[in-house]
Amino acid sequence: MKKKLVMIGNGMAGMRAIEEILAANPDMFDITIFGAEKYPNYNRIMLSPVLAGDTTVEEIILNDEQWYADHGITLHLGKRVSEIQRGYKKVVAEDGTVAEYDNLIIATGSNPFIIPIPGHDKEGVMAFRDIDDCDAMFEAAKTYKKAAVIGGGLLGLEAAKGLLHLGMDVTVIHDQATLMNMQLDAVAGEMLRDELESQGMKFRVSTLTTEVLGDKRVTGLKFKDGSTLDCELLIMAVGIRPNKQLAEECGIFCNRGIVVNDYMQTVTDPSIYSVGECAEHRGIAYGLVAPLFEQAKVLAYQITGQGLKSYQGSVVSTKLKISGVDVFSAGDFMGGPGADIVELTDRVGGVYKKLVLEDDKIKGVVMFGDTADGPTFFQWMQDGKDVSEMRSTLLFSASGLGDSGHSGLDQASQMSDETIVCGCNGVSKKDIVDAIVKEGLTTRKEITACTKAAGSCGGCAGLVDQLLAATLGTAFVESDHEPICACTELNHEQVKEQVKNKHLTHVREVMHVLDWEGEGCQVCRPAINYYIGMIWPEEAEDDRTSRIANEKMHANIQKDGTFSVIPRIYGGETTPDALIRIATVAKKYNVPTVKITGGQRIDLLGVKKEDLIPMWKDLDMPSGYAYGKALRTVKTCVGSQWCRFGTQDSTALGIHLEKELERMWFPAKVKLAVSGCPRNCAEATIKDVGIVGVDGGWEIHCGGNGGVHVVATELLCIVETAEEVEEIVKAYLQHYRETGRHNERCAPWQQRVGLESIKAAVVDDIDNRKALVERLHQYLATQDKDPWVERIEDAEKENLKTFTEYKPIEIPVRVEA
Amino acid sequence: MNNWIEVCKLDEIPRSAARTVRAGDTVIAIFRLSDDRVKAVENRCPHRQGPLAEGIVSGDDILCPLHNWRIHLDSGEVAPPDEGCVKTYAVKIEDGQVLLSLA
Ligand SMILES: Cc1cc2nc3c(=O)[nH]c(=O)nc-3n(C[C@H](O)[C@H](O)[C@H](O)COP(=O)(O)OP(=O)(O)OC[C@H]3O[C@@H](n4cnc5c(N)ncnc54)[C@H](O)[C@@H]3O)c2cc1C
Ligand code: SF4
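Here the protein sequences line up with chains A and B, keeping their order. First residue of the first sequence? That's 1 in our numbering, and the numbers climb one at a time after it. First residue of the second sequence? That's 1001 in our numbering, and the numbers climb one at a time after it.
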């Protein structure tokens, strides 16, 4: 029988959680939703543009009633829940409707705060929160002329702008000197005020309101200094309060909001969750949708039992949605005394940009006028990117320097035609605009297909979107997630989810069921092949036609069309016999170059394709997998067996790990190293996993990379025994196999998901660790044969199923030139 | 005038893969598409001479293993934005035999 899930509140955060739950497991729950408003879920954020006449109520509905019906959800609209009976596990609505639950989600959002000054309950005093408020303002504007808004924050200014649009005379009253003082510094606040004044808005700053005047209806305001202002409509936009009353009444622990743990469960009752503005996580109740959507995802993970994903809190950024006014702010934008500040002020041009740096990293940003780079800076801030190299040009155009985000149109439209937009593929602005116009393109995907722009590192995606938007105007819809490639709409996570939920075990089946375009390409086919093998190790059939050339051939193709052969040398330790065999083979097949590799093994380069099979046969050594997204090498130092400094036997551990993990496929190649003491001769701290022996134990480091982009590892944990090392390394690698995206190395993966979440999954949660290791062993059990041996046998038996051609068919004819 | 040469049996080419044929100095890749039709082109990408037979077959296209150029196997044309063309050859299947014409 399905479990019963009830949700109170039919708003943005709650409904996102429901969508995530349905995506994760559509059949797990019977869902009932209560919403106090009479509308189905709509995009509350867009109420400001609705008021300002830029869009309509119909257009901002996110899930219409049909959607609920299609998903078998019982929806009670216009019914406010008045009581939660935890003892009986049911909720009761004001009209007497009752619903029983196994799990309950409280997503009641927040209530606008009304300052309790005398007269606050008069007619014509209202907040700006929902569609009804919007309607009331439309109505009032028909009869009345003078409006006041208390609160010069984001919401207040957007409301004031809307009322201006409705033809009212609007004064904003703000208690601080600076508008939007929570998001802006004095300079930006002043520029904002200048701009809004030029649009007709009036201001009274540093002003406290003490009384609402009038008989039945508001007629004016009285201020602390004794002065007054006439007004016939008053909007209070001074903040929100988490709507926690229901929870509090049934004994759920609340502070500012409903207190939840990292899995969005209320701390009092684990069967009751809370998400959205009503929830308080680590002392914070958020008031913007981005963090709420993150919370919704975590909630869905937890409630559907998909395993560990915890919410760690969010850093938020702010944008104001008033047309013609671009404001962006994030982080610590004030900067304390002695702060390192990079600033650009152009009062005449109306542009102000300020970055607060600390240790060469962005700590905060505030921008006015030209906010195109806001998202880029925000990203860099979250990534902790070192910006010392680009200090001098930083404020002119961050996007031109590298990654770029989605943002306003300013930047793209200001670029010259010749400017290279996509550096990887050398595509200019003109190329892109021409393609859009001549080929009638409407999506970034099509632009990528046509010009290659944004097809490589993707750093210019934001700019391409800007050009598309600028060229097409409002016909353009921004893409909100990155698909794997042009063959599908789905991203990596969605494909994995579907492979799992729909039990898909063949590459072709995946493409068919998930509506792939065509037969896939070199990006998606290998990715799908990896995912099915990872998720269904025992059932999935490896599709060799979806492997790239190197993996098909089990050898690396070199630039002249020859191949290289690298046998496995466990831990870099070899024997005279093995060396003699390698030397004999190299001589027999006239191998032109024999090279000792950085991974402590021997590379035979310049091998002809037809020699591969006979060479492997003569070598009679395991394949080194140097050609695959697989375990490559475990580099070791000599360790305590020989080294006078050595505290641990690094060679023995390295050899053991390599033997345990060989034949393992990963999202990308994986290299390990083991050093016998902190002198770290095996350079373990730039490997995917590096182990360093210390007195009485081992340090496990992870997520390093020694390639183009050197990344040092982070310390995962310290353990005492080699057995523990083995278990944790296996769990880490399996966690990476499961949550990494195809072609994503450990280092960027770790940066994406965060070391803390990895620690939680593989170090702290012992049950989960064991389960990961178990799954890794299950997979390894299916990889019981060396690929070189398999190919030799295939060739001898002419087995076509796993066939790879090593020798062309000769025909006795010449082709005329 | 086509002069058909027997190359191998259709069954000897795995589906969605290729086999190569050496005729003197020229190597020709014969592809068996996912729906069992066959196509033949010279085994040299016009870009950097990549061995097309080792690429990924996608519909009627082959993706070069070196730099992922997409080449249409019917016309030999490279898909835009790249440019170029490879030589195509006539192939057909008769009684399960793959026949190639070098004319
Ligand atoms: C005008 C405006 C502009 C905004 N602009 C932005 C912006 O630009 N960017 C941004 O990130 N955020 C913005 N926000 C904030 C954003 O809309 C909210 O953070 C978000 O909607 C909160 O989602 P929620 O689900 O927690 O609450 P809500 O969306 O408010 O949903 C809660 C729902 O629960 C219902 N409810 C409450 N109690 C009960 C009960 N007892 N029984 C049944 N139903 C109940 C309420 O009626 C409500 O419909 C804006 C908000 C407003 C009002
Ligand atoms: S890391 Fe330590 S044990 Fe290993 S070789 Fe260097 S000094 Fe010796």
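Source of the hints: derived by calculation from the structure; they are not laboratory data. It is possible that some hints are incorrect.
[Said to hold, decoys possible] Not close to chain B: a few residues of chain A, all C-beta gaps over 12 angstroms, as computed:
1. 497
2. 546
3. 553
[What the hints assert, rightly or not] DSS-like, lysine-lysine: derived pairs with alpha carbons at most 30 angstroms apart:
4. A:617 with B:1087
5. B:1087 with A:559
6. A:797 with B:1009
7. A:807 with B:1009
8. A:222 with A:90
9. A:4 with A:309
This one's a predicted model, so the numbers in the text were calculated from it and none came from an experiment. Virtual Cβ for every residue (Gly too), placed ideally from N, Cα, C.
These are the hints, each one checked on the structure:
no.	hint	in the structure
1	497	holds, 24 angstroms
2	546	violated, 7 angstroms
3	553	violated, 7 angstroms
4	A:617 with B:1087	violated, 36 angstroms
5	B:1087 with A:559	holds, 22 angstroms
6	A:797 with B:1009	holds, 16 angstroms
7	A:807 with B:1009	holds, 16 angstroms
8	A:222 with A:90	violated, 47 angstroms
9	A:4 with A:309	holds, 23 angstroms
Going through the hint list in order, the structure does not satisfy hints 2, 3, 4, 8.
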